[in-house]
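Let chain W serve as the given structure and place chain P on it in line with the hints.
Number of protein chains: 2
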Amino acid sequence: MFTIKFLPYNIDIEVEEGTTIIRAAMEAGVHVNASCGGEGVCGKCRILLEDGVVEDGISSMLDAADIEKGYRLACLAKVKSNLVVRIPIESSVDAGVLNLPATPRRKAKIKQMDFEDLKEKGLFLPPVEKRYLELPEPNAQDHLPDVTRLVSFLKINYGEERLQLTLPVIRKLPDILRKDNFRVTATLERPVREGRKTRIINVQAGDTSSHNYAIAMDIGTTTIYGQILDLLTGEVLSEYGDFNGQISYGEDVISRIVFAEKEGGLDIMHEAVVKTMNRVIEKIVKKAKIDPEEISTITLAGNTTMTQLMLQVNPRYIRRSPYVPAATIYPPIRATDIGINLGDHVVALVYPQISSYVGGDIVAGVMGSGMYRTEELTLYIDIGTNAEIVVGNKDWFACAACSAGPAFEGGGIKLGMRATEGAIEDFSIDPVTLEPMNITVGNVRPKGICGSGLIIMVATMFEMGIINNLGKFNRDLDTPRIREHDNIWEYVLAWKQESQIDRDVVLTEIDIENLIRAKGAIYSGYQTLLEEVGLSVYDLDRIILAGGFGSYIDLEKAIVIGLLPEIDTDKVTFVGNGSLMGAKMSSLTNRIRQDVAQVTQMMTNFELSETPSYMDHYIASLFLPHTDMEHFPKLKARMEARQRR
Amino acid sequence: MFTIKFLPYNIDIEVEEGTTIIRAAMEAGVHVNASCGGEGVCGKCRILLEDGVVEDGISSMLDAADIEKGYRLACLAKVKSNLVVRIPIESSVDAGVLNLPATPRRKAKIKQMDFEDLKEKGLFLPPVEKRYLELPEPNAQDHLPDVTRLVSFLKINYGEERLQLTLPVIRKLPDILRKDNFRVTATLERPVREGRKTRIINVQAGDTSSHNYAIAMDIGTTTIYGQILDLLTGEVLSEYGDFNGQISYGEDVISRIVFAEKEGGLDIMHEAVVKTMNRVIEKIVKKAKIDPEEISTITLAGNTTMTQLMLQVNPRYIRRSPYVPAATIYPPIRATDIGINLGDHVVALVYPQISSYVGGDIVAGVMGSGMYRTEELTLYIDIGTNAEIVVGNKDWFACAACSAGPAFEGGGIKLGMRATEGAIEDFSIDPVTLEPMNITVGNVRPKGICGSGLIIMVATMFEMGIINNLGKFNRDLDTPRIREHDNIWEYVLAWKQESQIDRDVVLTEIDIENLIRAKGAIYSGYQTLLEEVGLSVYDLDRIILAGGFGSYIDLEKAIVIGLLPEIDTDKVTFVGNGSLMGAKMSSLTNRIRQDVAQVTQMMTNFELSETPSYMDHYIASLFLPHTDMEHFPKLKARMEARQRR
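Top line first, the protein sequences correspond to chains W and P. Letter by letter, the first sequence follows residues 21 to 665 in the numbering used here. Letter by letter, the second sequence follows residues 21 to 665 in the numbering used here.
Any given hint could turn out to be false.
Because identical chains share one entry, a pair is satisfied inside a single copy or across any pair of copies.
[What the hints assert, rightly or not] Under the rule of at most 27 Å between Cα atoms (straight-line distance), these lysine-lysine pairs were calculated in the DSSO-like manner:
id, residue 1, residue 2
1, Lys282, Lys199
2, Lys127, Lys654
3, Lys217, Lys175
4, Lys127, Lys100
Hints are computed from structural coordinates only; laboratory data are not their basis.
Extracted from the complex, chain W is given alone in its bound form:
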C-alpha cells in the first residue's frame, strides 16, 4: 500500500501498488476531468507528479516539455511509490471547488457468518459424518448378515441408534466389506431433527474419513454458483459460477415461466438449469481436486421459479393471480432424481420458499446472514429486477417482493449494460465546467453505463443541481454536454471519438426516470412493509444488502437518490451472495437446517399489490430522493446549505 497526497485538496489516500491515479483520485473524492475512461484518448486527465514514482502515464497527448515537468495522464499512470500529485488548475477550475470534493465512495462492509464462529457458538452439527471402522470378520460362530454386522458395531462402539441403510449402500456393502478385510468407512447422514433416523448413505473400503465434502449451490435466474465445502474444516475448497443455461429462453423469471408453459417447455427449462448445475459441479470438483464419490450432500437455494423449474414443478400459477407457488417446504430429494450428476446416495436439501416471489434464495440469505439469531431489527434487501425485502429479528419476520424492473442491471437504460468491460462504474462531475470523470470497468473507453455507475451519476448531478428532483436536467446550464436529442434531454458522458461505440455515450432523462421508478419500487416496498408491522426506517438497527449488485453500490449515493433510507452507513453491511452463503451454512451444520423450518414458519409474507398503501408510497417515491424531503433530513440540510451559498 502506498499513500497518495492529492493537491491542492490536501487529501491523502492509501491505495495498492499498480492502481491508476485516476481511480485513486476517485476513491479520494477528487475530481479529475476524464471522458475516455482510461485509455489516454481524451488527454484531459493531466496531473502533475510532484513526488514519487509512477509507471506509464505518458501518451501522445502530452508534449516532451510537459513530460519533463512531471505531467502525466492520470488514467494511465500507475502507483509505484508514495506520491504527491497535483491536480492542475486547468483541470479543476476555481477555489470554490476545494470545498466541494466529491464524496468518497462508501461501500457496505462485507459481513458473513463464519465457520469458526459457528464452532465457538456450538452450532456445528455436521449433517454428514464419516466413521472409520474395523469390523470383526465373520466366522463359523459369527455369521451376522453384513448390514447387521455394520449396524451392531456402530451401536455397540459408538452408541449409534436408529440406523438405516439405503438400497445403494446395501448393494455395495458385501463387496466393500471384503475389499480391505472388513475395514470400512461409513458415511452417516444425521437427522435434521434429533431422534429421527441416521441414514448410512455410503460405505467405502479402508479409511477415507478425512475426505468428506458437501456442495452448496445458488440457483440464480442469471447465474448459478457452486462451492465445494470441506465438512471437516468448513473450508471452501473451490467455487465457480456460470450463466444459467435458461437465459437463452428469457432474461427474467416471467419469461421463463411463459416458456415453461409451452408444450415440452418445462422439461427444456428443467434440463437447461440442471445442465448448468452439472457443469458447475464438474468445474468445482475439478478445481478442488477431490473424488466426486466423496461428496455426501448438496444444498440448493433459488427463488421460487428457479426452484420449481429445477424440480420440474410446473411454475404456471406463480405468475397468475392469486400467485400461488406449489410448495413452501420440499422434502429431501435424491440428487439423481432431478438429474444431478452425483452419487445416488446424495440427498439434496432444497431451501424452502415463502411465496411466489420470496423464494429460497432469500430464506437462505436470512439464514446465512445470521439475522435470524439477533435481537437487532434488520432490513434485508436483495436488489434486482425482482427485489425481495425481509424485516425482522430473532422473534419475527415479515417479507415482501416488489418488481423493480431491470434498471439496476442496465435494463431500460439507453446505453445500460451489466458491469462488464467498458461500463462506466464510477463518475464525478466538475461543478463548474460540468466536465465528467468516467471510470470504466477494465479502464477502457466507455461503452455504456452499469447500475452502480447510474446511481452515482444521478445522485451526483442531483446534489449539484444539474438535475432536479423530478429527474429533469437543468435546461439553463451552459455546456454542450447537456442537450436535447430526438426530443429527449441527455448528458453526454463521452463523445463518440472517446467511446468504444459509434456514437456519444449519454445519460438520458428516460434513463433517470427508469432509475427513479426502480428505486421508488424498492423504497416504497420496505416503507410499506415496515408500516404494516408498525415500524419505520428509524427503528432499524441494521440493513443488509444482498445480491451481486449490492457490493458495488455507493451507500451515500444510494441514499441521495432515495434507494436506501437516510441511515448511518456503518449500519449497512453487505452479505454478498446471500443465497450461496445460506446454502453453505446449511451444508455445514444441521443446526441451520433445523432453524430453517422455524424461520420459514414465522415469516409473514405481504403481497404489496394487495396492500393499498403501497401505491401511495410508490407514487411519493417517484422523486429524487422523495416527494417528502423530511425522510432525508441530512440531505435536505446539505442541499439547503448549497443553495444558500
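Just chain P now, kept in the frame of chain W:
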C-alpha cells in the same frame, strides 16, 4: 356329489360328478389294478357297475358281452349318479386283502388367515388410505401454496399430522388441483410405526377413493406369483403365476448365485426376475381390470437369494462359508428403483430375511399363517430342495434350513418329474399279485413319477414288506415287476407299451435312496432344531406345511417314510403359498408390517451344519422310517401286527 359304494369292500365314498371311478377307488383306499394311468390301454381296471349311471368306460379291451353285463374300465368311466361298483375277483385276489385296504388319502386341511378375521380382531390398519377432499379455491386473500393448502386442509378437517409429500406428488399437485376445481383424492401412506410421518404418495383429480389397490408377490426360485388386492375389501381381484425368468440360468439358488458371480451376471439375473415380475403385474392388472395408477403399494417376499437378486445385491457370500447374507431388514424401496413398472409413488416393502437360507418367504409364511400370534407350539415346514423349518409360538422362534436335495421335485429320481401331465401322483399295489394301481396327472399313460407319488409308492411298498427299512426290494418276491436291471434293482410301474415313453416306467433302489436322504435331511433338521430348544415332536401342537408340494402330500404316507413325525394328522394343516399369503397380509394391514420386525428379531437361526448332533440325527434318519422305530410307535405296532399275521 355322488356316493359310490365299492364292493366287496363295502366302502362308501362321496365324489364329485365326473370323477373317474379309478380315482374314486384310490380315494376310498380300494385297490384296482391299473398300469396305464387311465387311457384304457392296459385294460386291467375292469369293474362291474351294479347300480347307477356312468359316462364312458368302454374300450376295445372289453367285449360286447362284458359290456352288456356292466363291466367298465375304471380309468375311463366317469361318475354320473350314485353308484354301486364291484371290484371283480380277478382284480382283487383273495379275501385277506379285504382286511388290508390301502389307507385313504389324508391330505392336510388348508388353513389361511382371512380378512374378515383380521377386521374382527381389530388388526386391520390399512397401510394406504385414500381421502376425497373438496379444498377451498385460492383467492386474493388466501394464496396458500398448493402443498400447504392440501396439508392444512387434512390437518384441520381430519386431524392428520406429520404429513410429507414426495417430489412426484408435488410435481403433479398444481395441475391436478385445478383440473376439477380443487376437488382431489389424496393417497396417504401410513407409517408402519405410529408417530412417524404419513406420506401423501399420490393425488388424483376428483373422487377416486373407491379405487385403492395393492400387489402382493411371492418371488420363488421357480415360480413368481402375484395378486391384486382391493385395499377396501381385502378381496383378491386377480392372481397369476409364471416361471421365474432366471430358470434358464439354473434350477436352484446355488446355480443362480454361480451365474450372478460371472461378469455382468448379477445384472442379467436381476433383469430376468424383474422382467417376470413385470409380466405377472401386467397380467394381474389386466385380469383385475383396474387402472395400474391406482396401485398404491407392493409387498415382495422371497428367499434370501431371490431377494438379493431382485434387489441387485451381490449374493456371492450366501453360498460361501460362513454363509453371510447382505441384510436381514431392507428399507422401504421405491418400486421403480428396482425396475418394477409401477407408478413412481409406489413403495415396495420387502420381507426381511433371517439368514442365508431362511429367507423372506419363510418369514412371510410365519406371518401369514398367524402362528406368531398363538400360544400353540407350531412347526412350520416348507418342503423343497432347500427345506426351511421354523418352530415356536407367539413368544419365541427358532429356525433352520436344510438341503433336502431335489427328490421331492423329481430330481435325482430316474424317471422323476414335476407333477405335470403323465406323472404318477398316486399309487397302490395289490399285496398278493404285486400289480400296481397308477393314477397319473391328467389321467394319461405314465411318463414318470412326481414327488407325492414317490412318497406313496415307497410308503406303501415298505408297509407291505416289498421294500425293507433300508429301502431295498425284497429279492424273493415272485413277480416280473421286481427285477435287477443294469445292476440296479427296480419295480416296473408300467410296461413300455402302457407308458408314454419308449421304455418301462420304473422305481429304482437309487430313487428310494434319494428319497430317504431327502426326508432324512428334513426329519433330522426339525429333530435337531427341537432338541436345541429343549423340545421334541411330542410337544408340538400343530404342524404347518407350506410350499406347492405340501398340498399333495399324503400325510399318513409321509409319516410312514419318516418325513413327518407320528402325530395326529388333524394337527397338520396346509398353508399353501405361505410366502404369497404373508405378502398379502402385509399389503392389507400395517399391524402385520409392525409385527414382522419383531418376529424377525426374535427368531434364532441355527446353522445345522455347525450343530454336531445334526449329522447323528441325519444318519439315524437314513432308514424307513428311522433307525429307531420308537419314534414311530403306531407304525411299529402296525408292522408287527402285519408280520404276526
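*Pop the pair Lys127 and Lys100 into one bin, within, between, both or neither, using alpha-carbon distances up to 27 Å.*
Result: close within a single copy only, 25 Å intra versus 106 Å inter.
*If the cutoff is 27 Å on CA atoms, where do Lys127 and Lys654 land: within, between, both or neither? Let me know, please.*
within (19 Å within a copy, 103 Å between copies)
*Within, between, both or neither, where Lys282 and Lys199 count as close if Cα-Cα is 27 Å or less*: between (51 Å within a copy, 18 Å between copies)
_For Lys217 and Lys175, with the copy left unspecified, which applies at a CA distance of at most 27 Å: within, between, both, or neither?_
Both: 13 Å inside a copy, 24 Å across copies.
Violated hints: none; the structure is consistent with every hint.
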